[in-house]
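So the protein sequences, as listed, match chains A, S and Y. Heads up: the first sequence is residues 0 to 296, going by numbering that gives the first Met the number 0. Heads up: the second sequence is residues 0 to 442, going by numbering that gives the first Met the number 0. Heads up: the third sequence is residues 0 to 340, going by numbering that gives the first Met the number 0.
Among the clues, some could well be false.
What the hints assert, rightly or not - Restraint ranges, calculated between C-beta atoms of paired labels, are given here:
1. Y/183 x S/235: 52 to 60 angstroms
2. S/422 x A/126: 52 to 60 angstroms
3. Y/104 x S/235: 30 to 38 angstroms
4. S/304 x Y/182: 30 to 38 angstroms
5. Y/337 x A/201: 37 to 45 angstroms
6. A/279 x S/422: 46 to 54 angstroms
7. S/434 x Y/328: 28 to 36 angstroms
8. Y/140 x A/279: 16 to 24 angstroms
Claimed, not checked - Rough simulated footprint, nothing fancy, chain Y against chain A, three-plus residues with beta-carbon under 8 angstroms:
9. 118 to 127
10. 132 to 143
Don't read these hints as lab results, they were simulated from the structure. Think of the CB as a built atom: it goes at the ideal place given N, C-alpha and C, for glycine as much as any other residue.
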Amino acid sequence: MTTSELTLSQGAGRTRRSRGRGGAGKQLHAGPVTYVVLTVFALVSLAPLVWTAIAASRTSHRLDETPPPLWFGGNLFRNLQSAWDQAGLGTAMFNSVIVAGTITVSTVLFSTLAGFAFAKLRFRFSGLLLLLTIGTMMIPPQLAVVPLYLWMSDLGWSNQLQTVILPSLVTAFGTFFMRQYLVQALPAELIEAARVDGASSVRIVWHVVFPAARPAMAVLGLLTFVFAWNDFLWPIIALNQQNPTVQVALNSLGTGYVPDQAVIMAGALLGTLPLLLAFVLFGKQIVGGIMQGAIKG
Amino acid sequence: MRTSIRRSQRLMALAAVAALTTGLLAGCAKDSDDDASDGSGGGNGSGKGKITLTIGTFGVFGYKQAGLYDEYMKLHPDISIKENVTTRTDVYWPKVLTRLQAGSGTDDIEAIEIGNITEAVQTQADKFVDLGKEVDKSQWLDWKNAQATTKDGKLIGLGTDIGPMAVCYRKDLFQQAGLPTDRTELAQMWKGDWSKYVDVGKQYMKKAPKGTKFVDSASSVYNAAVGGASERYYDKDGNVVWDRSAGVKKAWDAAMTVATSDMSAKLKQFDPTWDQGFANGTFASVACPAWMIGYIEQKSGDSGKGKWDVAAAPAASNWGGSFLGVPTATRHQKEAVALAKWLTAPEQQAKVFAKQASFPSTPSVYTKLKPQADTTAYFSGAPLTQIFSDSAKTIPSQPLGAKDKPIDNAISDVGILQVEQKGKSPAQGWDAARNEIKDVLGQ
Amino acid sequence: MTRPKQALAHSASSAEAAPGTPPGAARGARGRGTPAGAVSWRSRLYRWDMKASPYAFVSPFFVLFAAFTLVPLLYTAWYSLHHVQLSALDHQTWAGLDNYRNLWSSDFFWNALRNTLTIGVISTVPQLLAALGLAHLLNYRLRGSTVWRVVMLTPYATSVAAATLVFTLLYSWDGGMVNWLLHFLGFGPVNWRESDWGSQFAVSSIVIWRWTGYNALIYLAAMQAIPTDLYESAAIDGANRWQQFRHVTVPQLRPTILFTVVVSTIGATQLFGEPLLFGGVSGSKGGSEHQYQTLGLYMYDQGWIIGNLGKASAIAWSMFLILLVIAAINLLLTRRLRKSR
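Okay, chain A solo, but in the shape it has when bound (with noise of 0.2 angstroms):
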C-alpha cells in the first residue's frame, strides 16, 4: 500500500480476475497506470541512447553551442559513414561478434553447471569454493590487467582475441547468480524424481537444470554479452587496431587536437546497435520460459 501505482494496479488485477484466468501475479494484464509508469522508465532509459543519436546527426559545432540540439539534423549518414570507415568498423563488428559470442555461450554453460552443483548437489568443499567464488568478487579487477597482459605476453599472445576471450569464459558473477537462481527455482523434488527415475547427472542437467533455468539463463547471456561488447580497459591494454574488437575500433575516432564530437556519437551509436538486435533476441528468451509453462500448465 505504499505506493500508489501498486495499489492502483491491484486493482485492476482484481478486474481482470473475475474473468476467471488464475489469481497468480503473473498472468494478469496490466493496468493503465503500469504503462504510465513504464514509460517513465523508458523515456529515462532512453533519452540518453537517442540524444547520441541526435548528436551524431548534426555537425560537431553545432553540439557546442547552447542550448545543445534536441532534434534530428541532417549529417547522420555522412557521419556514420565516417565513423564507420575510420574506425574500420567492420572487421572489429566481426571479431566483436566472436569475442563477445564466445565468451556469453561459455558463461552461461559453465555457471549453469556450476551454479546447479553448487545449489543442489552436496560435495566436498562446497561451501568454501562458493565462498572463494563470491570472495574474488570483492578484488576490483582493473590492477590485474598488468600481471595478466604479462602472462598473454608470455605466451606469445599479444594483440590477439584470444588474449580478451580467455579470461572471460567464466565470471564469478554468473556462476553466483545462477546458483541464486537455482536455489529457488530448481526443487529438489523434481531432480530427486529423475533420480528415482535412473535418471544420470547429464540426463538430469540436460531435461531438468536447463530447463529450469532457461530465463536466468537468458538473463545471464544477455548481460553477459553486453558486458562482453562493452568491455573496454583490457581490450584496449590487450589488443591494437589492427585487430579491433569494437570498443579499440572506436578509440581510433577522435584524433587530432579538436576532436569532431559528432562522429565519435555517431561511432558510439553503431557500437550499440548490435546490442539492441541481441536484446530481442535474448529477451524474446526470457517469454519463452513463460510461454512454455503456460502452455504445458
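Put chains S and Y on the given structure of chain A with help from the hints.
Using the frame of chain A, we list chains S and Y on its own:
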C-alpha cells in the same frame, strides 16, 4: 509439444557448441595470420617482402590527416604504415609501459607525451633505441632534446611538436570593455609578467560586457605562467622542489588573483562547458599554445570569425608537445628509425603545422611556416608564425621529473580549483595541493 | 516440463533460510541415491556418477577461473606487499605492510571510504527498490513485453562515454538543464561537480540510471520461476495484491535479492567508471576536494595515473578486507537475530 521443445533445446545446444568452438578457433586462427603480417609478430609474410610498421599514438598527431603516411608509403613502396590509436592518455601510457616491460606487443614506433617523457627517460631508457647517433640533433631546439636525453646522453625520442604560448583574445569584447584591441599594444601592456596580464583582466572587469569574464579559468593562467619558469617541480638534480620553486610561486600568485577576483569564467578546460564557452563567447581571452588555435577556430565557429586575435604572451612558455621513440623490441628497427626520423624532420613538421597548427620543434623551418589562410583570417590576420616562433625560441630549458604530470594535476585540479570553485582561501588551496603531492610522491 | 513439477514441489522451496546466510547451502541435494538391492555395476556406476558429477560440473568453471582471474588477482596481492611502480615492474622491494600502513594514516583513503559508503547507499538502495518494482510491473502480461524489457536494459548498453556526456551537460553549473529546472522552482544554481552533496547526488543518479534496469531484469528472471499456485493459495487465504507481493513474491525472490544486494554492494565499492568520466579532466581525483572520489577511483588514480602500483594494489585488497568485515558483521547480526527470535 514435448518433442518440439526438446528439438529446440537441442538446436540451441548445438548452436552454443558451434559458437564456442568457432570462437576459440577463430581466436587462434587469427594468431597465425598475425604472425605473418603484423609488425609485432615479425616476419615478411606477405611474400613481396613488404614490411608493416605500426605507430602507437594517443591521437593528436595529425600525420594521417596531413597525408604523411601516404606520402611515405609512396616514397617507400616496401613499407606499409598502420597507426594504433588510444585516445585516452590515462590508458595509453600505462598500456605502453606494460607492453614495454612485457617485451612484446609494442608498436614499432611509440609516441611519448611530454608529461611522460621524464619517466620514460628514467625508467625505460633501455627499452628504447638510442636515436642520438641516427640524427643530426642540432635540428631540434636544445631544450626539446634535453627532455628526451638520459643522464648518459642517450636520446630516446625525437621531438615532434611543441606548444609555444600566446594569448588569444576577443577583439570585440576587449573593445567593449574599453581596452586596446591592437595586438602589439596589448603585448606591450602585459609584457614580461603574467601578473600584468592579470592586471589587464582587472581593468577588463571594470567595464566587462554583460555575461563575460576575462579568462576561462585560473588554472589556465597558472599553466601558462609555470610553463615558462626555468624551474618548476624538480630541480636539475631530480629533487622535488615544487614548494620552493620561484616559478611555481609566481604562477600560483597570479592564478590566485584570478581565482579570487571574479575575472574567471570558472570553467574546466576540455570540458563540454569549456567548448560551449568558446561558442558563446563567455570569456574574452585564453592563454593559447599553438595547437589550441585550431581548437578555438573549431569551437567558436562562425560566431567568432574575425573576432579573435592573437597577441604575444607576457613571457615565453611551453605547454605540451611529444616525442617519437623506437622500442628495441621492434623487429624492424632500421625501418622504424627511418620513419621516425622522416616524420619528425623539419619539412614534415612544417606540413603538420600547415594542417593543424602543431608547432614544429625544429627551428630551421620557422621562417617557412605557412598556416592555413582560413585560420589566419579567422584570427584577424595575426602573424601566427612569428608570434609562436618568437615564443618558441625563448622558452627556457626546464628540468622535468618523473611525476611532473601528477604534481601539475594536484596544483591545478585540486589546489587552484578549490579556491576558484569552492571558495577556499589561497592558503587552504596551497595546503590541499601539498597534501595531494605528498600522496602522489608516496610520502 | 518445468512448470507442473515445480508446482508439486513448491512447498519445499518456499521454506527458505533467513537472509544473510547463503540460502539452501545447508540443504544440499536430496537425491542422494537409493541404491536398490545388490551392488550391480549399474548402481556402482550410479554412485560414481553421484560422487563425481558435482566436480565435473564445477571444474570447467574453476579451471578457467583460477587460471585467468584468480592468479592475476593474487599477483596484485603480491604487489600490495611491495614497493613497485608501474614503470618499473622488475624493481620490487619488499614493503611488508607499509602500503597498508600508509593507507591507514591517509586522509584520502578514509575520505574515499566515506564517499564510497554514502554514494553506495544513495545509489544502491533506491536502485534495488526501483528495480524490484520495475520487475514486478514487467512481470504483468504486457503488450509488447519484449520491447519493454529491451528498453529497460538500454542504459546498460548505452556507451558510457555518450551517457556521461549527456549527464555532464544536464548537470553543468552554468546553463545545465537541472539547474535550469531548479531556477524555475526558485532555487539557486548548484555546482553539481564541486559541491559536496551535489556531486555525490549527481554521480549516484548516473549509477541509478545505469543499473536499475539491469537489476530489474535479474529480478524478472527469478519471478518467472515462482510457481503460479503459490499466488492462488495466497488469494484463497484472502491476501490482496500487496500482501501477495510481500508474502509470496519477496520471500520467493530472497536468494536473488541476496544476490543483487551482494553484487551491488561489491559494485558500489569498486565504482569508478561513472565518477571518472563525470569528473572530466583529472576525473580520477573525484573533484577538487575528492568529494566524490570513491575507493575504486582512488585506486585508479594511484595505479594508472600516478603509477604507484604497490599502493594501488593495497587499496584493492583493502576493499576486499572491508567487504569481508561487512560480511562478517552481517553474518553475526543475522545469527544473533535468529537466536533471539
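Results for each hint:
1. Y/183 x S/235: 52 to 60 angstroms: holds (58 angstroms)
2. S/422 x A/126: 52 to 60 angstroms: holds (54 angstroms)
3. Y/104 x S/235: 30 to 38 angstroms: At roughly 33 angstroms between Cβ atoms, residue 235 of chain S and residue 104 of chain Y fall inside 30 to 38 angstroms, so the hint holds.
4. S/304 x Y/182: 30 to 38 angstroms: Given about 32 angstroms between the Cβ atoms, the range holds.
5. Y/337 x A/201: 37 to 45 angstroms: holds (38 angstroms)
6. A/279 x S/422: 46 to 54 angstroms: holds (51 angstroms)
7. S/434 x Y/328: 28 to 36 angstroms: Holds, since residue 434 of chain S and residue 328 of chain Y (Cβ atoms, about 31 angstroms apart) stay within the stated range.
8. Y/140 x A/279: 16 to 24 angstroms: Given about 19 angstroms between the Cβ atoms, the range holds.
9. 118 to 127: Coverage by chain Y holds for the segment 118 to 127 of chain A (7 residues, Cβ < 8 angstroms).
10. 132 to 143: As far as the segment 132 to 143 of chain A goes, the hint holds, because 12 residues have Cβ atoms under 8 angstroms from chain Y.
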